[in-house]
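Engineer: Residue numbers (the numbering used here), protein chains in the order written: chain A, 33 to 454; chain B, 62 to 123.
Keep in mind that a hint or two might mislead.
[Said to hold, decoys possible] Result set (DSBU-like, lysine-lysine): computed pairs, CA atoms no more than 30 angstroms apart in a straight line:
1. A:Lys106 to B:Lys70
2. A:Lys441 to A:Lys351
3. A:Lys95 to B:Lys63
4. A:Lys448 to A:Lys351
5. B:Lys70 to A:Lys95
6. A:Lys441 to B:Lys63
7. A:Lys89 to B:Lys70
8. A:Lys351 to B:Lys63
9. A:Lys351 to B:Lys70
10. A:Lys351 to A:Lys89
11. A:Lys441 to B:Lys70
12. A:Lys106 to B:Lys63
Keep in mind the hints are simulated off the structure, nothing from the lab.
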Amino acid sequence: MPAAPSPVPVTGRVVVAGASMGGLRAAEQLRAAGWTGAITVVGDEPHMPYNRPPLSKEVLAGKASFDSLAFTPKAAAADVEWRLGSPVAAARLAERTLDLADGSTLAFDGLVVATGMRPRRLGCPGPTEGRHTVRTLADAQALRDALTRPGVRVVVIGAGFIGCEVAATAVGLGVREVTVVDPLPLPMVGPLGEAPARALLRRHEERGVRFALGTGVAGFEGVGGAEGGEDRVTGVVLSDGRVLPADVVVESVGSVANTEWLDGNRLDLTDGALTDEQLRVGGLPYVVAVGDVARFPNARYDGVPRRVEHWSIPTDTAKHAAKVLTAQLAGFEVCLPAFAPLPTFWSDQHDFRLQSFGAPALGKGDVRVLDGDPDGDRDGDVLFGYHRGGHLVGVVALGGQAAAMGAAKYRAQLLKQPALTA
Amino acid sequence: MKVVVDMNKCQDHGQCVFASPDVFSMDDEGRLLYVSDPDESLRDEVEEAADVCPLQAIRIEA
Ligand SMILES: Cc1cc2nc3c(=O)[nH]c(=O)nc-3n(C[C@H](O)[C@H](O)[C@H](O)COP(=O)(O)OP(=O)(O)OC[C@H]3O[C@@H](n4cnc5c(N)ncnc54)[C@H](O)[C@@H]3O)c2cc1C
Ligand code: SF4
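So here's chain A without its partners, still in its complex pose (with noise of 0.2 angstroms):
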C-alpha cells in the first residue's frame, strides 16, 4: 500500500460505470491514488457530470441555469475517456468485460460501480402526462416548464426531502396550490424523527404548502387521449377517497438502485450493491461501488450496511475506494482502516435550510433540542441532537445561517466519538 500518492508502475484500464458526480471523482481520485493507466468513464446520460440539488431548487426556481451545473473535471483527470450517451448493458465480471447498450464490449482490470439512483414510480395505472420526478436535468427542464404555467395546481407525492424541496420551490414560484401527500403523518419524519418532523411541518404549512397526510395514492383521474383514453392527469385519487384536483403531479417517494447491469454476477444487490468495509463488492479485489448505488458498512456506527443518499457521499466513498482499487491493482495488501465517513446532509426549503452532520436515523429514538425553541416563534433556529446509547450520533440545525452554524460546532465532537457497537 503506497502511503503518499506515487505513481504505482502499472498499466491497464480501469472502467467507470456511471458519468455522475461519483464517476467523476473516482476518476479524479484515481489519478491522485497514483493509478497511471487508461480510465474510461461510461454514462448512460449524454451529458458530462453535473450537479443535481439545485434542480429541486435553483434550477426549478429559475435562479440557476442549466449550464451552471456542470462539474469543472480536476486537471489530473484531463485524460480521462468519457463515453456517454449509451448505458452499460450487463457485466461478466468473472472476465472483467462489459457489454455496453450499443453493442461493443469493453474489457477493464478494475471496476467501479457508479450507476447511482433512478427515481421510484407509484405503481398505480392511469395517465401519464403531468406526471414527473425529479432526477435529470431533463425531468427538472419539464417540470420547470410545467410549474410556470399560469394557475396550475400541483400535487407533490411523497414528503420526503426532494418532495418537500420541490413543494417550497413551487410555492416561491408563485404556484397557490401545492399538496404534499404521504402516507406518514409528518413530512421527512423517517429521517429526523417526530418533533423535527412537526417543526418543519409548521414552518411548511406557514409558507402556504398544504399537506394531506396519513393517506396514501389510490390512482390518477385523468382526460383526454385517444379513444376515450386518459393521457392527461387532472386530479390523484387519494387512499381516504379524498380526490386532489392536480395539473402538474411530482412523483417523490424515493429512488431504486440502478444495478440490473451486474445481474448474474451472484451479488448482493438487494438495495444497491452491498460492499464489505473497503467498499469491495463480492469479495472481488477489483471491484469498487461509489456513490449513491454502494450499500457499505460505516465503522463509524453501528456495522449495518447501508445506502446513504447524501451528496458529500460521492466524494467520501470515491477517495476511500480509489486508494483500494489502485492498491490492488498494483498488487498491495489494503492496510486503511475501515471506511467510516461522517455523514453530511443538507436541504434548502423555502427561506430556511436543514443541516445535519451525522446519523440522526439513528439515534430518533432519542432526540433533544440543543439549541431554540421548536414550538416557539415562526423564524427560530432550532438545533436537535440524536443520540444513540446516550451518545451523540448526529445533530440537525433548522432555520438560517446562524443554526447551519451551531450544528458544524458538534462536528468536531461527532468526529472524535469512538465507534458505535451494534
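Position chain B with the ligands relative to chain A; hints supplied.
Structural biologist: Frame of chain A; chain B with the ligands shown alone:
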C-alpha cells in the same frame, strides 16, 4: 496558488471551512471570507474544499 470563489454562487454553506480552515473562514454574520493567494503547501486542503463545496463555487486558477 490562486483561489477564486464565485460569490454569486456561494451560499455560505461553510463546508470549505472544515476542509481548509487556513484559507476559508466565516465572519460574525456567517459570510465567507477567504485568502485568495494561499501558500502552495495548502494545495491539498484547498482542493478538498473545492470538492466539498455544494455550490461548486470554488475555482483553483493556478
Ligand atoms: C433533485 C435532487 C436534489 C438533491 N439535493 C440534495 C441536497 O440538497 N443535499 C444532499 O446532500 N444531497 C442531495 N441530493 C443527492 C445527491 O445529488 C446524490 O447523492 C448524488 O447525485 C449521487 O451521485 P452518484 O454519482 O452516486 O449517483 P447519480 O447522480 O444517480 O449518478 C449515476 C449516473 O449513472 C448513470 N447510469 C445509470 N445506469 C447506468 C448504466 N447501466 N450504465 C452507465 N451509466 C448508468 C445515470 O444515468 C447517472 O448519470 C439530491 C439529489 C437529487 C436527485
Ligand atoms: S462551501 Fe461553497 S458555498 Fe459554502 S461557504 Fe464555501 S464556497 Fe461558499
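Engineer: Checked against the structure, which of the hints given earlier come out wrong?
Structural biologist: Violated hints: none at all, because every hint is consistent with the structure.
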